[in-house]
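A.B. asks: First to last, the sequence lines map onto chains A and B. By the working numbering, the letter at position 97 of the first sequence is numbered 169, and the numbering carries on one by one without gaps. By the working numbering, the letter at position 107 of the second sequence is numbered 156, and the numbering carries on one by one without gaps.
The hints are simulated quantities; they were obtained by calculation from the structure and are not laboratory data. Any given hint might turn out to be false.
[To be verified] Derived DEER-like restraints, expressed as beta-carbon distance ranges:
#1 Asp95(A) / Leu218(B): 41 to 49 Å
#2 Arg205(B) / Ala131(A): 29 to 37 Å
#3 Gln184(A) / Leu254(B): 45 to 53 Å
#4 Glu51(B) / Gly93(A): 41 to 49 Å
#5 Ala263(B) / Ile242(A): 34 to 42 Å
#6 Ala131(A) / Arg62(B): 56 to 64 Å
#7 Arg205(B) / Ala128(A): 22 to 30 Å
[To be verified] The following residues of chain B were derived to be distant from chain A, with all beta-carbon distances above 12 Å:
#8 Pro91
#9 Phe124
#10 Leu131
#11 Pro136
#12 Asn172
#13 Met244
#14 Leu251
[As the list claims (entries may be wrong)] Incomplete in silico selection of chain A near chain B, CB under 7 Å:
#15 Asp95
#16 Val98
#17 Ala99
#18 Val107
#19 Phe171
#20 Leu175
All C-beta atoms in this analysis are idealised placements derived from N, C-alpha and C, irrespective of residue type, glycine included.
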Amino acid sequence: MDRFTGSDLLCIRGERMVFTGLDFEVAAGGALILVGPNGSGKSSLLRLMARLLKPAAGAMAWNGEDVSDDPDAHNARLHYVGHMDAVKPVLSVAENVRFWAGLRPNGAADPQAATARALETFGISHLADIPGRFLSAGQRRRVNLARIIASPAPLWLLDEPTTALDKEAIASLEGAITRHQRGGGMVVLATHAAIEAHAPSVLDLGDFEMAEAV
Amino acid sequence: MERFIRLVGRDLRLAQRHGFDSLLVVVFFVIAVVLFPFGVGPEPNILARIAAGIIWVAALLASMLSLERLLQADFDDGSLELLVLSPVTLEIIVLAKVIAHWLTTGLPLIVAAPLLAVLLNMNAEGFGVLVLALFLGTPTLSLIGAVGAGLILGSRRGGVLLSLLVLPLYIPVLIFGVGAVDAAIGGFAFKAQIMILGGLFLGTLALCPWATAAAIRQALE
């Protein structure tokens, strides 16, 4: 069974210590919800997990193997949803989703069908041929979420995925997360909104802040 | 390889949908060259003598014009972050973007250059060498420019900074590009200059994707 762990992580941003001595563990089928006040390092931790940031100290491992040993393999097993939706204004919704799905080696056998299914999941099938520039913020976010469904990857790193989403889309997302977990996937989620996930464990980043030095 | 072609294809499609932008580069190139006869006067001998230099300098400036867009657009909308996180090695992604950039900006310049050479009354012996030198030189410009485009990510007034970073590095290409054409017109051997241009191309091909990838990773920290 897959396990993603981090131990004794230290994150420094602009000479400020964001968190220190942080450990986490997610197993296949698990969900880790990151909570904490603004600036407590939820996004930083997710970017650390994606290796967009490097920890100042500590290490992360996938099934006991250090993730920095093989960066491409780590990239192949994760999906990251950040603050920006990466929807190209001149490409249609389907083209946007299909491009990202096509970049992955473990993509579905039929990217066309996988894209259609992903758009269906988030209720944007009718927008498939619309260029990205005509989409609303919520629709762009749905396209971004459809991207992660269109090609399978075991680890989802979602940074405030519910931003700009309506109730119906949040329900679709919860359904997608639950299905992902049931299929043995893992989810790490930073959020302020209440999102239902199966058997979540909660990591409060407020606990790892440095005591203010006097 | 299939994914590499997909990356190039995406950038080409983006360029095609933006249509006007890549056309702008060629139009700039033509206008910049056409200005010279007005500036130095319509004396055919003078124009013929400086034609190679004018064309190369204009090509340098034109290829720089579009560099800011090379990575900045992807950086602004979050695509670059996802490209870095894709299982394709970042150096390969950079190479794909550079190829797409060259196809949309460098190649049209090469097509336009002989026409402008006629306009400037350049000696016909130089035409073939001019095209050959541009074929080796313009990819080098795109490669060097990619490093600059990576370094300015996230900075304000990136365009000006980019020219300051990149133009000095273009000088060797300019010297040997013009040198090859002048040698051919004067009836001398131009093999050495072409070889050096080829060497510059291979050197930048090996170094620049790597340096650009490092700059991108730094920008995303």
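A.B. asks: Taking the beta carbons of Ala131(A) and Arg62(B), is their distance inside 56 to 64 Å?
C.D. replies: 40 Å, violated
A.B. asks: Holds or violated: Phe171(A) as interface residue toward chain B, Cβ cutoff 7 Å?
C.D. replies: 5 Å, holds
A.B. asks: Regarding the hint that Ala99(A) lies at the interface with chain B, is the smallest CB-CB distance below 7 Å?
C.D. replies: With a closest approach of 22 Å, the Ala99(A) hint is violated.
A.B. asks: Should the hint that Arg205(B) and Ala131(A) are 29 to 37 Å apart at their CB atoms be regarded as holding?
C.D. replies: Hint holds: Cβ distance 36 Å, inside 29 to 37 Å.
A.B. asks: The hint says 41 to 49 Å between Asp95(A) and Leu218(B); measuring C-beta to C-beta, is that right?
C.D. replies: 46 Å, holds
A.B. asks: Is it the case that Asn172(B) keeps its Cβ farther than 12 Å from each residue Cβ in chain A?
C.D. replies: At roughly 43 Å from the nearest Cβ of chain A, Asn172(B) sits farther out than 12 Å, so the non-interface label holds.
A.B. asks: Taking 34 to 42 Å as the stated bounds, is the beta-carbon spacing between Ala263(B) and Ile242(A) within them?
C.D. replies: With a Cβ separation near 39 Å, Ala263(B) and Ile242(A) satisfy 34 to 42 Å, so the hint holds.
A.B. asks: Given a hinted range of 22 to 30 Å, is it respected by the beta-carbon distance of Arg205(B) and Ala128(A)?
C.D. replies: Between Arg205(B) and Ala128(A), where Cβ atoms are some 28 Å apart, the hint holds.
A.B. asks: Verify the interface restraint on Asp95(A): the C-beta must sit less than 7 Å from at least one C-beta of chain B.
C.D. replies: 23 Å, violated
A.B. asks: Would you check whether the claim that Leu251(B) is not at the interface survives, using Cβ distances to chain A and the 12 Å cut-off?
C.D. replies: Non-interface label on Leu251(B) holds, nearest chain A Cβ at 26 Å vs cutoff 12 Å.
A.B. asks: Since Pro136(B) was said not to touch the interface, does its Cβ keep a gap of more than 12 Å from each Cβ of chain A?
C.D. replies: 4 Å, violated
A.B. asks: Against chain A, does Met244(B) keep a CB gap of more than 12 Å to every residue?
C.D. replies: Holds, because the least Cβ-Cβ distance between Met244(B) and chain A comes to about 36 Å, which exceeds 12 Å.
The structure does not agree with the numbered hints 3, 6, 9, 10, 11, 15, 16, 17 and 18 stated previously, though it agrees with the rest.
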